[in-house]
Each structure stands twice: as C-alpha cells, then as structure tokens.
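**Student:** In order, the protein sequence lines correspond to chains P and L. Quick note on numbering: numbering that gives the first Met the number 0 labels position 193 of the first sequence as 192, and the sequence is numbered without any gaps. Quick note on numbering: numbering that gives the first Met the number 0 labels position 165 of the second sequence as 164, and the sequence is numbered without any gaps.
These are calculated hints, taken from the structure and not from any lab test.
Cβ pair distances, simulated, as ranges:
no.	chain 1	residue 1	chain 2	residue 2	range
1	P	Asp56	L	Cys97	36 to 42 Å
2	P	Ile36	L	Glu163	50 to 56 Å
3	L	Glu163	P	Ser196	30 to 36 Å
4	P	Val93	L	Ala292	43 to 49 Å
5	P	Ser40	L	Trp263	30 to 36 Å
6	P	Pro176	L	Asn199	26 to 32 Å
7	L	Ala292	P	Pro234	19 to 25 Å
8	P	Pro114	L	Ala292	27 to 33 Å
9	L	Ala292	P	Tyr94	40 to 46 Å
10	L	Asn193	P	Phe128	53 to 59 Å
Here are the computed lysine-lysine pairs in the DSS-like style, where the Cα-Cα straight-line distance is at most 27 Å:
no.	chain 1	residue 1	chain 2	residue 2
11	P	Lys20	P	Lys145
12	L	Lys174	P	Lys53
13	L	Lys298	P	Lys136
14	P	Lys53	L	Lys150
Every residue gets a Cβ at the ideal spot worked out from N, C-alpha and C, and that includes glycine.
Residues per chain, in single letters:
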Amino acid sequence: MATKVRVFPLFRAVPRKGVIKADHVVRFDVHQRIQHILMMSSFSLLALTGLPLKFYDNAVSQWWVALWGGVESTRAIHHFFAWVMVFDGVYHLVYLGYSTIILKRPFPVEMIPSPKDFFDLLADLRYYFGLSPERAKYGRFNYREKFDYFAVFWGIFIMAGSGFILMFPVLVSKLVPGWIIPTALVAHSDEAILAVSWIVIVHLFFAHLAPNIFPFNKSIFTGRVPRQRYQHEHPLEYEKMVAADRESRAKEEQDA
Amino acid sequence: MRKLLVVAAFFVLIAVALFLAPATSYGLDQYQCLACHSRPGLSKVNGNGTEISLYVDKKDFLNSSHQYIDCTTCHTGEPHNVPTPLTKLSLAEKCGTCHQYQYEQHLRSIHGEQLAKGNPDVATCVDCHSQTRNPHSVVRVLQTDAPAYPKNIAATCSKCHANEQLMGRYGIVEKVYESYMRSFHGKATQLASNELSQLNKATCVNCHGAHNIKAVADPGSPVAGMDNLAKTCEQCHAGAGVNYAAGFLGHKEATPERFPVVHWAERFFYLLTASVVTMGVVIVAMESGRWLADRRGKKNGGQGRNGHGD
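Model the full assembly from the supplied sequences, consistent with the hints where possible.
**Tutor:** Right, here's the structure in full:
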C-alpha cells in the first residue's frame, strides 16, 4: 500500500496569514520571514562595510577595513551584499505579484497608509502625554510599522539605484550626463546614514528594547505571535480574526 | 689551556674596543665632515648678514636616501669657500646634477618656471621629498614616512595648497586637500594599509603630474579641458569618456549655478535625514518616557495603564 506523501507547496492555496491557533496567531508566512532575514543580514553587512568609508579618518575605520582584508576586499563584500539586498527586494515584489495576481489572494491593503493612521498618531500622542489612559487601537499594521515598511521600500530604491550608479559609473556616464554620479554619491552616502540611524535608534528599540518583547521580538523569525500579545498589539485585527475563526468553526460543524 | 685563555682574552679585547669605540659616521664620510657638522648649533653668518645653520642631523641623515654617498658628492670643490647665500634654485640645480631627468621636468613645470624667475613661494625638490625641507633628510618615495609616499603626498601638497593666504596670491581658491580627502580616492588611500596593491588609488600627482606638474589652466596639463581630463581618468577607469569626466566637481563644492542637481540633492538629503532621525528619536523618547512614567505610577500603587511597547 502506497503511503501518501504530503508535499508542502511553496505557496499555500489558502493563506496561512492571520490564522488563529490555540495559543498563537500566525502573522508571517515563510516567505516574509526569509525576506526579513535576507534584509537583516544584507543591511548589517552593507552598513558594516560602508560606514568605514563614510568615517574614513577615524582610526577605527582603518583597523576595521584591514580586518576585512583591505579596501578592495571590503568593497567586494559590500557589492556582494548589495546584490543580496536587491535580490531580496525582487523576491518581495515577485511574492506580492504572485500572491495577488496568480494566487488571487486579496491585495494587502492593511499596509497602505490611511487617515486612521493619522488619528492613531494623535491618540498616541495624547496617551504619551498622559492625557489619555489608553493608546490607539491598531489594525494589522500600526502607523510605525507602515512607516518602517515604506521607508525601506523607498530606501532600497534610493540605495540600490545610487549604488548601481556608483558601481558602474563608466557605463552610466555613457547613458546619462556625468553629474548623475556625484548626485548618486550624495544620495547613497546620506540615505545610508538615515537608514542606519533609523534602524539603530527606532527599529532596534521596538524590536529589541521595548520592555514587553525584550530581548528581542522573535515573531518575525517564527512567524507566530502569542495570542494575548496579538490582542494587545493589534486589537482590531484580532477581533476580526476571532470572529472569522468562530464563523469557520460554526460552518465546519454545520457541514459535519 | 693557557693558549686558549690568551686567544679568548684577545677576542674579548676586540669586542670591548668595538663596543667602546666612539661612533663615527660610516665610511663614506671620508673627510669626517660630520665630526663638526653634527654639532647642534653650528652656524655661520652669511653674505646677507643672516645666520644660517650648518648643522646636519646625523640621525636624519642616516635614515635618508643619500646616506650612502659622500658629502663631497654634493658639496663639491671647496665647501668651506662656497659663496652664500644659496638659493632654492641652486639647490634644485645641485639635485639635478644626479637627478637630471627630474630636474629638467621640474624646470618645465609651473613650480620650476616660477623658481627660475626667482619666486620663493614655489615647491622645489626638498619641499616634497623631505619632511624638514632639508636635503640631508630626503627619503625614498616608497618609505612609509616619505612626504611623497602615496598616503602622505596629499598632506605634503597641502602644506602650500591648503594655505589660503598663500594660494590667494595666485588665485587658487579651491580647497583641494579637503575636497580630495572627501573623495573616494582620498578616503581609500587613507584607509589603505601599506601594501602596494592597496595604494593604487589616484593621488595628486597621478592626475596633475609630479615633477612636470603644470598649472590647471595650462593646456599642457593633464587636467586642462575635458578631453585631457577624460584621458587622465582613463588611466585607471577604462572606457571613461568626456561625459564621465564631466561628473567631476573639480575640487569645488556644488552650487546652484554649477552642478545644481548635486547641490539641491545635498540640501534635500540633509533635511530629510535630520528630520526623519529627529522624528525617530522623539518617538522612542515618548514611548520610553510613557513606559517609565507608567512603571513609577504602578509602583506608587496606581492602576496599571494599558500601555505596551510594541
């Protein structure tokens, strides 16, 4: 008798996102988790190999570059991880396109900024200043998470675009006027500082130092969030998920 | 046994003699010039009435590239009867008696031309090849402490070319040293170790020439005009053309008139970065502040608030 082998498809026909389990909610699918790991590693290595060039007259930079094998070696590593980051961006876009167009899953409108985000910010400001006992109630993505997402979206275009101009300046100068190159340098150099500062100050705080998830929020790696936390952090979406779960259970019982 | 002792004593005596013997200059100072001239403070009053130093720092000299030639190679004839004052030009001429090619190039350079006209402001051999502008301490270019060593040459040129007062006299307003060090060429050279393979980025002399350096406006200069500049870039950047060279800011900042896109991009990104990072700091501060305030509130027996960082 042949045993049935379960094949796990690359994409599930029914989205696993937002599926409620006994003690946790599945928030991120495997693709999103891989995309984050690729982003995290490439960003870190790009920053580590790029910052010494920004702060070149610091003695630590010289030591650091020597550690990585010299200027040419540091540059090669920087270029390698640039390709990794670009691949990650393409992976994400393909994933979005495939999910929505081919698999016909609903387009992730929850990520798109809306007026509610502005009002959430106001409500949070009242909460921060002690004028309100509660913070705003968020949906699937709060305004900080949306900002983070689109900041990275914009950031990748700027960094990859300017980066490739700097990687192939001779080729680029044959297609566009030469002043594109110093412009790309300004964009690349400054946006890098913006991105690194944001990640170190904001992202690391909310992902590592925030008291309720210290030492780090592992849900981006496991894909799962404990139910109670999910209810606190994304109450509006949680209600919808619970209601939908109840409905589908009721339907199952009916069909049974 | 006695014979052995005698032989041993003999060797010991030799060793002591060598150890205790006064340090003399090496064999090539055959006239023992350094016996007097290594005395600090040795000086004379020259024809102009100025006091000039006759002191030669032996330590410096023995580190220099000329330590293996005799004093009389340069100080020919009767060195005690040389008419002074010596000039920068006469010094360059003397270097040229051996370094003929470089001297002739130097004479054709902007520095050499001006030197021949009696201009004392310009650089001559010892200004670039010695830390102390002293012919006795000229070091080889590939020594890591040489002023003309790739990692040091920019700082050496900047001794004059970053002196605003001096450069103002010749209409040279560009902050060449600053702008070079901010460019990839300058940064990579500074970050490089002392391995030759890492020292292949352009320095001042790679683009402007070394001994035959010409003024930027001189059509013979490798950076005069877009065509020359492109050819110079192509020395390392294969295939670079005039468009590529047109992207060079020319040791000057971008302004709204010259490279306006670069200028406004600088402004834009500075503002963007400052405002976004400030916003980020404020958000983190508010979040942390509220959490701290809540904790204090809870400690004081108040009700817990619905506050969670996420």
